[in-house]
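> Let chain Z serve as the given structure and place chain Y on it in line with the hints.
Which chain is which? The protein sequence lines are Z and Y, in order. Heads up, the first sequence is in the UniProt record's numbering, so the first residue is 1 and it goes up one at a time. Heads up, the second sequence is in the UniProt record's numbering, so the first residue is 1 and it goes up one at a time.
It does not matter which identical chain is used: a pair holds within one copy or between any two.
Heads up, simulated DMTMM-like pairs for lysine to aspartate or glutamate below, C-alpha to C-alpha not over 25 Å straight-line:
id, residue 1, residue 2
1, K237, E428
2, K332, D56
3, K50, E61
4, K60, E49
5, K358, D144
6, K25, D341
7, K90, E119
8, K101, E218
9, K60, E330
10, K90, E118
11, K101, E91
12, K90, D33
13, K101, E159
14, K333, D57
15, K101, E118
16, K346, D370
17, K333, D403
18, K101, E119
19, K265, D344
20, K262, E354
21, K332, D57
22, K312, E322
Please keep in mind that the hints were generated in silico from the structure rather than gathered at the bench. Since the model is a prediction, treat every value here as computed from it, not as a measurement.
There are 2 protein chains.
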Amino acid sequence: MAKELKELTPRSVSYSQWYQDLVIKADLAENSDVRGCMVIKPYGYAIWEKMQRILDDMFKETGHQNAYFPLFIPKSFLSREAEHVEGFAKECAVVTHYRLKTNEEGTGVVVDPAARLEEELIVRPTSETIIWNTYKGWIQSYRDLPILCNQWANVVRWEMRTRLFLRTAEFLWQEGHTAHASEQEALEEAERMLHVYGDFAENYMAMPVMKGVKSASERFAGAVDTYTIEALMQDGKALQSGTSHFLGQNFAKAFDVTYTDKEGKQSYVWATSWGVSTRLMGALIMTHSDDNGLVLPPRLAPIQVVIVPIYKSMDQLAAIDEKIAPLVAELKKRGISVKYDNADNKKPGWKFAEYELKGVPVRLAMGGRDMENGTIEVMRRDTLGKETRDFDGIADYVQGLLDDIQANIFKKALDYRSTHTYVVDTYEEFKEKLELGGFILAHWDGTPETEEAIKNETKATIRCIPFDGDTTPGVCMYSGKPSARRVLFARAY
Amino acid sequence: MAKELKELTPRSVSYSQWYQDLVIKADLAENSDVRGCMVIKPYGYAIWEKMQRILDDMFKETGHQNAYFPLFIPKSFLSREAEHVEGFAKECAVVTHYRLKTNEEGTGVVVDPAARLEEELIVRPTSETIIWNTYKGWIQSYRDLPILCNQWANVVRWEMRTRLFLRTAEFLWQEGHTAHASEQEALEEAERMLHVYGDFAENYMAMPVMKGVKSASERFAGAVDTYTIEALMQDGKALQSGTSHFLGQNFAKAFDVTYTDKEGKQSYVWATSWGVSTRLMGALIMTHSDDNGLVLPPRLAPIQVVIVPIYKSMDQLAAIDEKIAPLVAELKKRGISVKYDNADNKKPGWKFAEYELKGVPVRLAMGGRDMENGTIEVMRRDTLGKETRDFDGIADYVQGLLDDIQANIFKKALDYRSTHTYVVDTYEEFKEKLELGGFILAHWDGTPETEEAIKNETKATIRCIPFDGDTTPGVCMYSGKPSARRVLFARAY
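Okay, chain Z solo, but in the shape it has when bound:
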């Protein structure tokens, strides 16, 4: 694909323009001509595929199976759970007809008015309703429980202001939907899956997250409780990166799903749902990348190591090719994804910039002097640090370096979060720190009114009531009323 290498807008000039530039120029995604819908390009999709594969393995290890449920939800299903429909009705894509016909002039096609659906179908914004309508047929007795299903799917929420990966009308995600015989079991499942998300974020994305429970006003529409992982982006804004919902018996009641227990008593079934989406791509980009381009954690990088030959003649290239071939084989043998880019139609400088932009964690370069000296140049993308090393033993070194980069970018993100997390006691200080960007731990009286007032005045929201951390009671910074514990505030995506 034709592309000129261009500079990214520096983050200091405009963080949002930098983000937009980076997503486009690193070939991750682009806006389509369909309002609000993106095209995920091969390089971006390769990262998403790695995320999918790892998450899918984690879901299976925790006992879940994949299934697939319909794209369309009858309007009446969506309406069954009052809060659920309230939450999603305003952003629904509605299918009303099932046929086009040639227009009268014979010059194009129009919707055929005779092919109107009796009941409109909603393109799923989430699948609780269609799934619980299905589970009704699957569940009779306690022996049928638990049901632990996950689905990889596309969903549509008609967002008016969209942004690549972060907020798009259509996005890709996974949604887990589980059914349990007891409240306790469902609660444990909802927590378990939040921890799976947390482990994935920290150990694969190298992105530290704060785990906690949402305040009532930030809950998923139809949930009893919503658990969340919250990450801090480099511009000091929070990004909700995954949620897990304890749905109580709300959907079981809405769809009349009961089971007979061992004693023959009928009860409503308990539910959870949980999901992460292509939004994680945005989180990944904004956590690590810099003004030169993407910085990818080695565990999610489609290409972990790139090797570039620097040569003056085709003979010299042939000699380098020969020298590099066993190294490529050795790295592949170790399960490292490596690309040897000896294409002759691009200059080394162009290649260097390209792979920096694409966030390849380790770049090796081999030139004439290296060939003479038995060395190779190594550059790590995270620090841009360069060194010349002995060619012998380079596979071992590179393997260690990948682990080191993974650990280092996590530490860097964690340090950033530590220096941008503020504990404040007064509303004045709160507003002051908010301008610096970051997480703020402050006391809140627990009322939606105070939460709403703070949001209206400062655009900061309660990201979560953390599972861990300081649980000392105090006094609400806004109302002066008693507060059970500090909660986490931030401006958010």
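Just chain Y, lined up with the frame of chain Z:
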């Protein structure tokens, strides 16, 4: 999930009822309450996932990358290619609105008439138009070619008469879309991918296929040529199992996609597209299964080996558990997917019937006498043949048996096809053989009129003009006019 083991309708009584029973009772899929849309249940989805993984690896080995394009296609895009819109307009799900609102009584939700889209969006029935609209931005020069993308996605075609897996309004598939600088390259790509499908069908699904090119009237809407793999089901009907299209420059012209060649000349880009869908699940089921249930090829079976203990006391069970544990570990080490079912709430007879229904290729059973004699009972699902073997060396035996089953069911299907492929010279004989079911090789004059007449009179269609086989010219069995070669007729799904 609660389930009583019930008999399937025998194939001899009603093949279509047998199919329906089997899909439901083996927990593969079920109809949803959304007209024409199916739910793919975990066991069915596990088979589909295996298919996906293998095909995806094959696509990547042939140089393709995955990407993702929007679900929605603006109506005007679909209209750009005249034959394409003609082919799909009659079965489109059309999105006309983007919001619901509470009704006047406050009792439910209705479509908000104020939220009507300026241009209707079609839920993709296939993605040529949206993809070629995107490729326009990706292609300027010969250096940008080829583009070799694939997408795993859901698509919607509003079918009125649906059947689980075989014909559903929504289905899952992959669609490859490639762009090339020359006609020759695009032709080679279209053929290459048909051969990938053929290899997959024969080597993994154990389903022999006939490869060939479609007649003009059976072509994909918008294609210059459609290549197909055609399989023969046990009821003597053909099933089109995968297609690969040479699209010429039709979509490049419709979306004005040109490239500059090395000499600086502008030309339209050449295209292919190719796809297989969840329809393959139907093909798999109908090729091998029997009146006892599914028969799965070992290479696609989610569980390849099941081991059932037969015991009279919990002590005896404990002894069997201990004996079996190292065998389970050994089989897993060899990459064989094995389940040891020692659940105490089901009787061995129930388990045997269940795993037969689910098509598990090999069943091992270990009872008290086996424990004494150092033996184990082995049953193979394809022939239902049982034997008692020494426990020592059983892992080796099972591994070999899986290969043997894979080969045997392919051979069985091939034999069926051989005995049900007829070479006929007269229309009388053609109609006679057609009633027996199977493939018929006959001469055709090459005109759509003759093809249409035969179809109307007999319901048989030209499945393909085979790539291989007898190419001797002859005389059309219907019109008596000259025929270039025999073509493949059958009644088809």
